[in-house]
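Novice: Going line by line, the protein sequences match chains A and B. Read in the numbering used here, the first sequence has 288 at position 288, and its numbers run on one by one without any break. Read in the numbering used here, the second sequence has 1057 at position 57, and its numbers run on one by one without any break.
No lab work stands behind these hints, which were simulated from the structure alone. The reader is advised that the hints may include incorrect statements.
Said to hold, decoys possible - Short derived list, chain A residues pointing at chain B, Cβ under 7 angstroms:
1. Leu-39
2. Phe-161
3. Arg-324
4. Gln-327
5. Ser-346
Please read these numbers as outputs of a predicted model, since none were measured by experiment. Note that beta-carbon positions come from the ideal geometry of N, C-alpha and C, so glycine has one too.
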Amino acid sequence: MYRYDEYDRALVQARVEQFRDQVARRLSGDLSEEEFLPLRLQNGLYLQKHAYMLRVANPYGTLSADQLRVLAKIATDFDRGYGHFTTRQNIQFNWIELEQVPDILQLLADHDMHAIQTSGNCVRNITTEAFAGVAGDEVMDPRPLAEILRQWSTVNPEFLFLPRKFKIAISSSASDRAAVRAHDIGLYLYRGGSGEMLLDVMAGGGLGRTPILNERVKQGLPWQHILTYTEAVLRVYNRYGRRDNKYKARIKILVKALGVDAFAKEVEREWELIKDSDAELTEKEYQRVAAGFAPPVYERLDLIDPEYGAWLARDPQFGLWVQRNTQPHKVAGYASVILSTKPGASAPPGDVTGEQMNTVADLAERYGFGEIRVSHEQNLVLPDIRKQDLYPLWKKLTEINLAKPNVGLLTDVIACPGGDYCALANTRSLPVTRAIQERFDNIDFLHDLGDLTLNISGCVNACGHHHIGNIGILGVDKKGEEFFQITIGGAQGKNSSLGKVIGRAFRAEEVPEAINRLLQAYLDYREAEEPFIETVNRIGLDPFKERVYPTPTDAAQLKLEEASV
Amino acid sequence: MKNIITTVNGVSGVVHDDPWSMPGEDESDNRDFQIVSLERLLALAESGERLQGQYGVMLHPDDDPDILLPWLASLRLIALQFPRFSDGRAYSQAYLLRARYGFEGELRAVGDVLRDQLAAMRHCGFSSFAIREDRSAEEALKGLEVFDLIYARSVSTPQPLFRRR
């Protein structure tokens, strides 16, 4: 992991003092709520339905065991015993007192952590995939560049008051597990013909009210220019992005308005003027940061461990879990383990208790190298586990309810906190999530369905990324009543696509049955091992619509619905 | 103007006798220390006239600062506007005027200018600050006494931190 030096440390410490002073001025009335708002947002503090919510940054989803214990302590001492991991690899605490925030930030700063720019109209946490550095299909570790971007964007004075929030993701694997295409800037890192590091830069993606996948604006950018090119994109956006309408202020609207080619040209013109300057990244700096991500000292292990093989044969439950909840590791004899935070009715997606966090931290030290990752799917990952340790680890994870073998399956739902917490949501996404998880609890059925993502958002802001779920559910308010609109065909990754609405929205209690009909249609139409998304792509929406809306009334309503979409 | 903080050679202080007037306040042609609107500056240029003495101009946040290129050497002051403190366009304008076009006169932040934004403004090249009139400039001065380390380069620290580490 990257270790803070005296500059990094001084910055987060000074930031705590600054915010302590700002909180004091807010409490004394010197700062109005309107003036305080952007200050607290840039320190991750939202005012939610019932209390303040604090979002802590986990840069590119990497945590040390000690840092996870700090999060556990915050959950236990300052919140109601749990935290909520988000799709952007951060963690949110939902029941926070304003007066205590400076002390929480102090605790974070003392462990090289912060909540800087986890909200507000600025560059947010830089994200990557949870298996960075260890994935079997990885080209190279994207985290050094992610950390360099984190530093560059932190309190970058020119870009703290952008038209709207700005999200950057970077990936360097055959499969994109970081939803790169749904970001304001998406970066694919790869090697050119002579081994040099290059980037493809995509701009103008984002979900929310107007979902758009980003498009490529620069191919083969040499890595030394990552900061100057990003600076050029941000300067163009800061100057020309719309500020008159919050819903049209994301960079995606600017890119669409100009057209991607014209936008890219504008960026190129700006970049030409700054690229050969002191802002160009140096090999020395890359190496300094990359040293923090040097691989740990792995043991030389056989590809196949006899004891592990024996447990696989003896315990089918274990086999099921290995099949779904582990990922191939680039080092022989190792695997990455995914801890499902989606046990079903007992906890909402992404919620992890302080007690669980402490145990996970212990397990990371005992079986791994003391490192934990957070995934875009809101799960936790232990990146480096010897295969021979998988069985005892599985036993321990089962005890703390983090071993549901459902990773990548229907019940591995991505969900926002919804109307139960969020002041923006107009529907409650969590009860619907729970109802779906309860209805489809049969693990054999889930495994038979195979890879299938279901994402749910409680409002059009799309924090649950419903547009890129194979099945997406969006909560909408109709005259004070909660309805849920279903889309299918969404996907993240290299073949990203946005889901399409299948028809009229459902009442909350109707949703599980509607999902059931979708699934039955899939099972009837699928060919061999074809995953859900491929069946949808092959046969289109109509066969699904017919099965979900069998009556003429439904069909008629469907037409009305389509006319209004 | 009232409630002004200026920074000269790295030292900031409240100015009690700032001579500048905002556009529309006092536009007698022979008066020094007028800040004129861009429209007026362009109109005067059109009619072949030239403002005499010390003068400044105020840009709208949408204006491209390169429109001022013909005047940069003679302009004593450029005022950039913050219609709301959450509107960050003037930060980029300031960067361009200083780093790209080499403007060396006074760069003044006007509008919704508050204590907690001053350090970022200074980084982007602002050298004076018209603090919102319902706020104390003496209090706001504390906003420039904060720790303001950044990683990226800025107008006030042209070398990014990684070149100094």
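Novice: Tell me, which hint numbers fail for this structure?
Specialist: Result: hints 3, 4 and 5 break, sorted rising.
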